[in-house]
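These are the residues of each chain, in order.
There are 2 protein chains.
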Amino acid sequence: MDKLFRKTVERHALFPRGARVLVGLSGGADSVALLTLLHGCRHALGVDVGAAHLDHGMRAESAGDAAFVSRFCASLGVPLWSGFENVPVRAKKAGGGLEEAARLARREFLEKVASENGFSHIALGHHRDDQAETFLHRLLRGAGASGLAAMAMRRGAYVRPLLHFSRRQILAYLAEEDLAYVEDASNDSLEFTRNRIRHQVLPLLHTFNPQIEEHLGRLCGRLAVEEDYWDAVVAQERERLAHRFEGGLWLDRGECLKLHPALRRSLIRGVLEELRGDLRGISSSHLESVDSLL
Amino acid sequence: MDKLFRKTVERHALFPRGARVLVGLSGGADSVALLTLLHGCRHALGVDVGAAHLDHGMRAESAGDAAFVSRFCASLGVPLWSGFENVPVRAKKAGGGLEEAARLARREFLEKVASENGFSHIALGHHRDDQAETFLHRLLRGAGASGLAAMAMRRGAYVRPLLHFSRRQILAYLAEEDLAYVEDASNDSLEFTRNRIRHQVLPLLHTFNPQIEEHLGRLCGRLAVEEDYWDAVVAQERERLAHRFEGGLWLDRGECLKLHPALRRSLIRGVLEELRGDLRGISSSHLESVDSLL
Numbered sequence: 001m002d003k004l005f006r007k008t009v010e011r012h013a014l015f016p017r018g019a020r021v022l023v024g025l026s027g028g029a030d031s032v033a034l035l036t037l038l039h040g041c042r043h044a045l046g047v048d049v050g051a052a053h054l055d056h057g058m059r060a061e062s063a064g065d066a067a068f069v070s071r072f073c074a075s076l077g078v079p080l081w082s083g084f085e086n087v088p089v090r091a092k093k094a095g096g097g098l099e100e101a102a103r104l105a106r107r108e109f110l111e112k113v114a115s116e117n118g119f120s121h122i123a124l125g126h127h128r129d130d131q132a133e134t135f136l137h138r139l140l141r142g143a144g145a146s147g148l149a150a151m152a153m154r155r156g157a158y159v160r161p162l163l164h165f166s167r168r169q170i171l172a173y174l175a176e177e178d179l180a181y182v183e184d185a186s187n188d189s190l191e192f193t194r195n196r197i198r199h200q201v202l203p204l205l206h207t208f209n210p211q212i213e214e215h216l217g218r219l220c221g222r223l224a225v226e227e228d229y230w231d232a233v234v235a236q237e238r239e240r241l242a243h244r245f246e247g248g249l250w251l252d253r254g255e256c257l258k259l260h261p262a263l264r265r266s267l268i269r270g271v272l273e274e275l276r277g278d279l280r281g282i283s284s285s286h287l288e289s290v291d292s293l294l
Numbered sequence: 001m002d003k004l005f006r007k008t009v010e011r012h013a014l015f016p017r018g019a020r021v022l023v024g025l026s027g028g029a030d031s032v033a034l035l036t037l038l039h040g041c042r043h044a045l046g047v048d049v050g051a052a053h054l055d056h057g058m059r060a061e062s063a064g065d066a067a068f069v070s071r072f073c074a075s076l077g078v079p080l081w082s083g084f085e086n087v088p089v090r091a092k093k094a095g096g097g098l099e100e101a102a103r104l105a106r107r108e109f110l111e112k113v114a115s116e117n118g119f120s121h122i123a124l125g126h127h128r129d130d131q132a133e134t135f136l137h138r139l140l141r142g143a144g145a146s147g148l149a150a151m152a153m154r155r156g157a158y159v160r161p162l163l164h165f166s167r168r169q170i171l172a173y174l175a176e177e178d179l180a181y182v183e184d185a186s187n188d189s190l191e192f193t194r195n196r197i198r199h200q201v202l203p204l205l206h207t208f209n210p211q212i213e214e215h216l217g218r219l220c221g222r223l224a225v226e227e228d229y230w231d232a233v234v235a236q237e238r239e240r241l242a243h244r245f246e247g248g249l250w251l252d253r254g255e256c257l258k259l260h261p262a263l264r265r266s267l268i269r270g271v272l273e274e275l276r277g278d279l280r281g282i283s284s285s286h287l288e289s290v291d292s293l294l
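Line by line, the protein sequences give chains F and W.
Residue numbers for the first sequence follow the numbering used here, beginning at 1 and rising by one.
Residue numbers for the second sequence follow the numbering used here, beginning at 1 and rising by one.
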C-alpha cells in the first residue's frame with residue numbers, strides 16, 4: 001500500500017515539493033492510515049507533515065480519543081495541534097444537524113491551525129466508500145451533475161489522497177502494519193440519513209453490483225473533470241457576456257440566447273453564485289425559470 | 001391532462017405540422033394513454049396518428065392483448081399494424097436476455113412499419129418512473145454521465161411525449177376517462193434486475209425522498225442537454241483534429257494534449273465510436289488507457 005499511495009500522490013501531483021501538509025486526525029482508521037502513509041513517504045515527496053485533532057465534545061470517549069491521538073503522534077514524532085469545541089451546543093445555536101455542525105467546526109479549526117502555522121495543504125482521510133455515500137446522499141437530495149461530482153481529490157487547500165482507496169484496503173493496511181485506531185467519533189455523529197445510506201442503500205446496491213463503490217467513485221471523478229471544464233468555459237463566457245454596472249450584473253440577452261442551452265444554464269448558475277456569494281437555496285428549477293425568462 | 005399533454009408536445013416541439021406518428025401500442029396503461037392523448041389533439045397539432053402492436057409470443061394472454069388492441073384502435077378509428085414474433089426463440093438464438101430480445105424485436109417491427117407506411121415519427125409510452133428505473137439500472141451497471149442521461153424525449157425518429165409524466169398521473173387519467181387497458185406484457189418480461197430496481201431499490205429510495213423519480217427525471221434531462229453539448233463540441237474538434245488516412249483515423253496528438261481533459265475524453269470516445277460503429281464493450285477504463293497513451 002505504501003508504494004501505491006505514493007504513486008497516487010505523485011500521479012495526481014497533490015503536493016509540490018516543500019509543501020507543508022496538515023492531516024486532519026480523528027484517530028479513526030482512515031486518518032491514522034493517512035498520517036502513517038504520508039509520514040512514511042514525507043522524504044520521498046519532499047513534504048513536511050503535521051496533524052490536528054478536534055475534540056467534538058460529543059461522546060464520553062472523546063477525551064480518550066484525544067489521548068490516543070496524542071500518543072500516536074508522539075510515537076511518529078509528528079507535531080500535533082489539539083482543539084476542543086462543544087459541537088452539540090454549536091448545532092443547537094445554528095439550529096442545524098449535528099453532522100453539519102461538526103463538519104463546520106472541524107473545517108474552521110483545521111483552517112485556523114493551518115494558517116497560524118504555515119501549512120499549505122490540509123489532508124483529509126476520505127476514501128472511496130465515503131465518496132459513494134456522498135454521491136448517493138446528494139443523488140437522493142436531488143442534486144444536479146455538479147453536486148454529484150461529490151468530493152474532489154484536490155480543491156483549494158484541501159486534498160484527499162485516499163479517495164481512490166477502499167475502506168477494505170485501508171483496514172487491511174492497518175491490520176498488516178498492526179496499527180491501532182479508535183472507533184471514529186464521526187461515525188457516531190453520522191446523521192440518520194447518512195447512516196441509512198451506509199447500512200441500507202449501499203448493501204442493497206451491492207447485491208446488484210459488488211463493484212458499486214468503485215463505479216460511483218469513477219463516475220464522481222469524471223463528473224469532477226467535466227465540472228472543471230464547465231468552470232473554465234463559464235469563466236470565459238462570463239468575461240465576454242456579463243458586465244458589472246450600477247451594483248448589478250448585466251448579461252447580454254441576445255448573446256446568451258445564442259449559447260448552447262447547457263452552457264447558458266452553467267453561465268446563469270455562475271452569475272447567480274457571483275451575485276449571491278453561494279448557491280444555497282438555488283435549485284435547478286430556479287435556474288430553469290431564469291433561463292425561460294431570457 | 002389533455003391540455004398539459006398538448007402543451008408538453010408543443011413546448012418541446014416534438015412533431016412538426018404534417019408529421020405522421022406511429023404509436024407503439026402494447027395495450028398497457030402507458031401506450032393506451034399515449035394513443036388516446038395523441039389522437040385527441042391530432043387536429044390541433046396537425047399530425048396523423050397510427051398504431052403498431054407486436055405480439056411477443058411470450059404469454060398465453062398475448063393473443064387476448066392483440067384482440068384488445070385491435071378493438072381499441074377500431075373504436076378510435078386509428079389504423080393498426082399488427083405483427084407477431086416468437087421472442088423466446090429469438091432470445092435463445094441470440095443467447096441474451098428476454099427483455100433485450102423483446103426490445104430489439106419491437107424496435108425492428110416499429111421501424112419496418114414506419115418506413116413501409118410513411119410514418120415520420122415513432123412515439124413510445126415511457127414515463128418518468130421508467131426513466132428513473134433506467135437511470136438506476138445504468139448507474140448500477142457503472143455507466144458514465146452520457147449513459148446516465150438515460151432515455152431522451154426525442155432521439156432520431158423516436159419521441160417519448162410522456163417522459164415528464166408520472167405513472168400515477170397516467171393511471172389517474174385512464175381512470176378519469178374510464179379507459180380500459182391490459183396488464184402490460186412487457187412487465188412480465190421485465191428482467192430480474194429491472195424488477196428488483198422497481199420493487200426494492202425505488203421503494204427504499206422513496207423513504208429518503210418521495211420526489212425521487214421527479215429528481216432523477218430532471219437529472220436525466222439535464223445530463224441529456226449536456227450530452228448534446230458534448231456531441232456538438234466533439235464534432236467540431238473531430239473536424240479540426242482527426243483525419244482519415246489509409247483506412248485509419250489520425251488524431252493530432254499535440255493538439256489533443258492542449259484540450260481540456262473532459263473534452264479530450266469525449267473526443268476519444270467519439271473517435272472510437274466512429275471507428276467501430278458503436279461503443280459496445282468500451283468501458284471508461286478503456287478510454288482512460290487511450291488517454292494516458294496520448
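Hints should not be assumed to be uniformly reliable.
Identical copies go unnamed one by one, so any copy, or any two together, can satisfy a pair.
Result set (SDA-like, lysine to any residue): computed pairs, CA atoms no more than 25 Å apart in a straight line [what the hints assert, rightly or not]:
{"id": "1", "residue 1": "K258", "residue 2": "R218"}
{"id": "2", "residue 1": "K112", "residue 2": "A143"}
{"id": "3", "residue 1": "K258", "residue 2": "A232"}
{"id": "4", "residue 1": "K258", "residue 2": "R238"}
{"id": "5", "residue 1": "K112", "residue 2": "G57"}
{"id": "6", "residue 1": "K7", "residue 2": "M58"}
FYI, nobody ran anything at the bench for these hints, they're computed from the structure.
| message | For each hint given before, does the structure comply? Return the numbers of the non-compliant ones in rising order. | response | 2 and 6
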